[in-house]
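J.: Spelled out from the first residue to the last, the chains are:
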Amino acid sequence: MPFDTNHPLLNVILQWALILCVISVIGTFVGGVSSLMGGGKRGLSEFFGVIGRALSDLILVSPQRIFALATLTTRESVRRKALWIGAVFLVLFMFAGWFIGDSDDTTPAKAYISFVITTIRWMLLPLAVLLSCWGLPADIKDRSLHTVVTKPVRRSEVVLGRIAGYSFVITAILLVVSVVGYGWILRVVPERSQRQLISRVPRFGGMKMLDQNGDLFTGVNVGDMLDLRRFIAGGTKELAMWQFQGLKESDFPNDQDLRLEYAFEAFRSYKGDIATQIEFSIDLVNPETNQRVRLGVQPVNEFSSEIAHDLKENQTENLILIPRTISYLDGETTKTADLFKDLVANGNLNVEIKCLDAGQYLGVSPGDLFVRMPDRSFAVGYWKTIFTTWLMLVLIITIGTTASCILKGPVATLTTFGLLILGVFLKNGLIMRLGKYYSDGGEVVGGGSVEAFYRLVTGLNESTPLDESITKTVIETLDSGVYAMLYLAQYVIPDISIFDASTYLANGFDVPLASCVLPSLLITLGFFIPAYIIGYFGLQIRELEAK
Amino acid sequence: MELGVSISMSAESVVEIRNLTKIYRDFWGRAKVKAVNSLSLEVKKGEIFGLLGPNGSGKTTTLKMLLGLLFPTEGEIKILGKQAHDVSKNERIGYLPEESYLYRFLNADETLDFYGRLFNMSAAVRKERKDKLIEMVGLNYARRRQLKEYSKGMTRRIGLAQALINDPELVILDEPTSGMDPLGTREVKDLILKLRDQGKTVVMCSHLLQDVQDVCDRIAILYGGELKVLGDVKDLLQSKGETQLITSKLDPAAQAEVEAVLKKHGASLHSSSSPVVNLEDLFLRTIEESKARPGRRYAPGETPKA
Ligand SMILES: Nc1ncnc2c1ncn2[C@@H]1O[C@H](COP(=O)(O)OP(=O)(O)OP(=O)(O)O)[C@@H](O)[C@H]1O
Ligand SMILES: [Mg+2]
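Protein chains in written order, with the numbering used here: chain A, 1 to 547; chain B, 1 to 306.
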């Protein structure tokens, strides 16, 4: 769920550190043992010499030398024809988007924004791979790197200089195309849709659903497999409750209204009156005093909302404005309540939604109702999206450069592309799913991949348990090995889809720091450090001469 | 087969090589070529040391191991008191590779500036060194042209300039004069002598024996990766089994009898010394001898060829 705001930052960092530690301990151990076996005591002391030197090489780098190498890399890249062909192609392609606008579309901005960001991402990605994978191998092949390493240049500086140089080139191109893209979006989005260019800042709350008796329940499943929503029955006591937290008066300056935005779905169990919308009621409840204010009744707008979070042509349609002082009916009398004094308790506020039409259903999911904080300008979201794109490109450059420290150009290119494709297509699909099967503790019917294969070959059906035998133990051991590898693969193969913030932007949302920008930054940094170390060793233990 | 000489490790030695062996291997780790075999050498501070040998005898391989570009299969290297893989030694070393492996898209100015930066030189120092070196190698007229437009000799010259950018204590030159015109060759020789006068150490290899004879203090001749001859150029080129007399002008009759009557006639003896062969003779003799008797050091002078 892209709107997941609950981000266990510390866990992630700890997990990363753990994996890095485990890998380096294993690496040191394997290296130590093999050098002990190869060269005895002397081999071992040489091994530790290498490790010690590596530490000082990795840390004591000279910024001036890195800068010189980066400048050289930039010059070298600028001379590459591929770069210019790629850049020109990119700009041309962006203008091809001229034709994508459909005047009937109610959300033209979305199409244009997605187009621009997608084009930038997918055209700069191969450029970054090609740039970073071919430079260093060519440098080694032409032996120009030899002259460099006869100067007091550490191999770590070569790696960093390369990464910095390519990043600089890509940054420059990215800046140019982003400015062009930005201007183009502003120009091409029709006047009437300009207000779709906005960065909404949602504040999500946890949702629970209560049944007739006020007990927790998971809602009614109306049988739509593709829909994540669960339904509450209309005209009953079933309700969906959102618990918002951290609402501060100071976040709404100048007595702004508190805005609730929703995107519910109606499910009609009978046709009913098509001309009238299915309606729901909204109650604001103070979670501590239980003071309750009925805000009134809203239509679902069932015929215009196809996708949740779609920006509506008429924005006010799905927006509930809550003034600071709310007048409401309590029985016969009209009362007033102060939003922040009477209803919000320590930043917490509950909102209850009930469907009013008996026999019909209202579909809700956690992201369907949110407090819309003061909007930010489109530019903010746009440049955040560009920033995460930039992080992705730097990550790719880092991986590409590292690969090119070890492999020749074509192989490095294939490896980098392979990793990226694996990351995007397999991570969320195969690897995750297999990993999940395994992590379910072997309770899966038919077992893990080795067991499944065994069953396939021996013609054993899925549900018959295996005989207790040595074969079973072997199969299960192998399966747990596969699981361990998949588990590791999940973490060491980067998933670049996380860097894609265009969904937020295109749907008129601000790019959230916690669930998009920060993870992107962490992933890039998290890969940078091990990649840097691997790249360094790749160059260091390699005789640059013996090609 | 004990070829390694016992070398006295004096404090002033700049390069010490002990039992250095290099085996090139293929992708599968199988030995392909034994390029250097148990080589032991020492280069003293302030001398010009020449490494000679036919093509493929392991000269370049040896130099590259000194610089840490290649890893020795066996043996030890001390260069400026440090290990070959220690990058900090490069602060005091200048290296001219066999072919000038430079960035062809840079011009002469940018090239020197780039290498200067790698030594963390300040902009002012870089500019000063750059101007001086470009002037010295005579490339002033082409300093703004990209190296890919350079002729071979011009590339050599800029290569030499980059080797000297850091004012090194130890200069390693792999065939410095190859591709240079006679004037350039002359200038390089003068430069090498000047470097020695400044107290620097030069290790070079070259196929131009006359040049080596002119400038080198000591030489080593390699054949098939093995050390065949090592010593002072003056000593090596003296034919110790012979005596050379230079006399005053003799009349034709006396000349005919000179050998027999030299003593009797009492002609004045102007000089008496061992005749000096030229390096070319020594080189060719070493190679022939090594072919004839593989695995043995060649002792020049003592067994002159008829
Ligand atoms: N990268 C390499 N891979 C495999 N063998 C190599 C490599 N470089 C050199 N050799 C081999 O090592 C031996 C010594 O080569 P080296 O370049 O040191 O000779 P050299 O004395 O410098 O010759 P030249 O006078 O031609 O420059 C040769 O047999 C050569 O074929
Ligand atoms: Mg050579």
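Calculated from the structure, these hints are not laboratory results. Just so it is clear, CB atoms sit at the ideal spot from N, CA and C, and this is done for glycine as well. Keep in mind that the hints are not guaranteed to be accurate.
[Stated by the list, open to error] Sample of chain A residues facing chain B (criterion: CB under 7 angstroms; computed from the structure):
#	residue
1	65
2	68
3	79
4	152
5	199
6	203
J.: Grab the minimum C-beta distance from residue 68 (chain A) to chain B and call the hint holds if it beats 7 angstroms, violated otherwise.
T.: holds (4 angstroms)
J.: Does the nearest C-beta of chain B fall within a distance shorter than 7 angstroms of the C-beta of residue 152 (chain A)?
T.: Holds, because the Cβ-Cβ distance from residue 152 (chain A) to chain B comes to roughly 4 angstroms (cut-off 7 angstroms).
J.: Does residue 203 (chain A) meet its interface restraint, that is, does its C-beta lie within less than 7 angstroms of any C-beta in chain B?
T.: Status violated, d = 51 angstroms.
J.: Does the CB of residue 79 (chain A) sit less than 7 angstroms away from some CB of chain B?
T.: holds (5 angstroms)
J.: Hold the hint about residue 199 (chain A) up to the distance rule: shortest CB distance to chain B must be less than 7 angstroms.
T.: violated (43 angstroms)
J.: Would the hint on residue 65 (chain A) be counted as holding, given a Cβ-Cβ threshold of 7 angstroms to chain B?
T.: holds (6 angstroms)
Checked against the numbered hints given earlier, the structure breaks hints 5, 6 and satisfies all the rest.
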